[in-house]
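Engineer: Sequence:
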Amino acid sequence: MAVRATRPPKTTSRRARLLRENLTAYALISPAMILLFIFGIFPVGFAFFVSLHRWRRFPGDYMGLGNYVRALGDLTYVLFFWLAVGALAYAAVLLWRLLRENSPPGRRSAFSALLPGAAAGGAVLTFVGWSAILLPLILNIPQRIRGQERVPGLFINELFASFQMPQAADAGNLFLALLIAALIVIPVWRRLLGGEKWDMHLLYAAGAAVAAAVGILLMQLTLETISAAVAAARAEGEALPVWSQILLISAGVGLLAAAYGLWTRAGRQDSSDRRMLITALAAVVLLIAGYLLAAQLPTALAAADRDVISGFGITVMFVLGTVPFQLALGLAFGYLLYQNIKAKSLFRVAYFIPYVMPFVATSIVFTLIFGHRPLSIMNQVFTTLGLPLQKWLLEPKGVVELLIPGIPDALSGPSLALIVIMIYTTWTYIGYDAAVFLAGLGNIPADVYEAARIDGANSWQMFRRITLPLLSPTTFFLTLIAVIGTFQAFTQLWIMRTPAAQSSVDTIGVTIFETINSNDPNMGYGSAMAFVLFGVILILTFVQNRIASRSVFYG
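Anchor point for the sequence shown: position 372 equals 483 in this note's numbering, and the numbering is continuous, going up by one each time.
Hints in this document: simulated from the structure, not taken from any laboratory. It is possible that part of the hints are untrue.
[Claimed, not checked] Computed beta-carbon distance windows for the label pairs:
| no. | residue 1 | residue 2 | range |
| --- | --- | --- | --- |
| 1 | Phe601 | Val155 | 16 to 24 Å |
| 2 | Phe653 | Ala461 | 31 to 39 Å |
| 3 | Ile452 | Ala200 | 51 to 59 Å |
| 4 | Arg167 | Ile452 | 55 to 63 Å |
| 5 | Val155 | Val299 | 28 to 36 Å |
Here the structure is a predicted model, which means the values were calculated and not measured. Cβ atoms here follow ideal geometry from the backbone N, Cα and C, with glycine treated the same way.
Input sequences plus hints: build the corresponding full structure.
Structural biologist: Now the structure itself:
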């Protein structure tokens with residue numbers, strides 16, 4: 112009987128195996144990406160869309176940059192002009208990265224990626240445009256069904272009717288056409304012309320297309336707003352020097368950056384003469400930049416909302432009055448807890464309790480401690496020390512004005528009510544900072560300290576030369592989250608503010624909340640202010656990262 116030969120099992124090709132692995136990876140990360148889009152990307156994009164409209168409880172008229180101009184005055188034109196330039200510059204950088212391939216196969220793959228990248232970028236942009244058209248139609252359904260008879264399925268019918276309206280249907284059809292084109296072009300391009308770095312080439316091409324489109328749209332929006340503002344000013348017989356402000360403020364910021372670059376370069380010079388020359392040049396550039404900004408910024412902000420400017424000023428004072436102290440005290444307590452002391456675990460728990468306690472409970476306790484009545488704890492302490500009683504959370508005057516009556520408002524400093532909230536915020540976060548610093552201290556090798564002791568270093572020298580440099584990553588992390596968190600602070604401010612303190616504790620977060628939570632809520636203007644705050648936080652984060660790249664030691 113003949114033995115039937117067994118056929119060897121099929122071996123999976125490398126291309127099929129890679130495709131299966133890629134699909135598996137995308138399937139695993141898709142839930143996280145969907146959640147990121149729903150709760151992260153979409154709310155940001157929708158908030159920007161709202162900020163471009165007169166939006167009360169329902170979508171209103173398109174205003175362009177009107178809400179931003181109301182908040183920041185003429186400075187809006189400068190900021191959005193450079194946002195558009197930045198987006199176009201980023202598109203150029205992506206194209207340069209795409210087209211700098213040296214090998215012929217890589218160059219062919221890079222050049223040919225422009226078509227599928229444009230298709231993918233176009234699909235993304237048309238989806239955003241379709242969403243921008245469809246969302247107001249859906250949100251206006253309550254307006255459309257007002258006065259109609261309430262019958263089952265009325266809302267569902269109007270929802271489907273929103274998708275079928277001409278403007279939404281046209282945008283949706285364009286999105287589907289570009290999506291289908293991208294789904295066809297990308298696999299064909301990858302099979303015929305895609306090289307080993309096909310995914311990176313496609314990403315660069317699509318990113319360049321999206322960035323270029325965003326830059327063009329922002330520039331068009333900015334120029335239209337500037338033209339309308341200039342025309343309105345001329346109709347009233349006034350001049351609006353927008354372009355001179357853009358030029359001079361941009362020059363001032365550029366000179367500030369140049370002065371900082373010269374200053375850091377001077378520190379790297381070996382020759383004392385060259386160091387002194389570069390430092391003097393940096394000082395001259397800094398003076399010129401300061402003059403340009405001092406001359407133009409007040410004019411650009413003359414028409415800005417005083418509540419917004421005041422809110423940012425109070426926020427800056429709040430940050431400066433809390434972040435340095437909570438970091439310094441957190442480091443001190445963390446360093447003490449790192450030593451061999453009795454009941455170390457008890458102290459760790461005690462310091463961490465304020466951070467885990469609810470804001471509402473601890474805020475009320477601090478409100479009682481700093482009460483305005485003579486029997487409050489702090490007023491009793493002041494009475495014992497022979498000092499006058501204070502109104503604390505009811506005091507709108509600045510602490511400098513309380514010490515030196517008659518001083519100008521610009522020099523009055525933070526109000527006494529804001530000082531109390533600063534003390535509370537610092538007390539709340541000391542334990543958290545101490546715990547993180549304690550973890551950072553535990554990662555410093557003990558043999559480093561032992562070697563320093565052998566060399567004759569004392570405790571202060573070891574702390575200055577070993578502990579602080581090796582703790583710089585921890586310090587940078589805590590500084591970053593402290594600045595961001597303090598700019599976003601709201602709960603303790605809202606709980607502890609009083610009508611008697613007036614607006615002396617109203618940070619920008621409180622101002623935004625009052626704008627969108629009033630009897631006549633202005634969602635568009637509130638979203639514009641929130642985006643301004645978002646931009647400030649991004650700039651501060653970028654500056655901190657630039658500084659940290661030179662001063663943080665990662666071992």
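Engineer: Name the hints, by number, that the structure is in violation of.
Structural biologist: As far as the earlier hints go, not one is violated by this structure.
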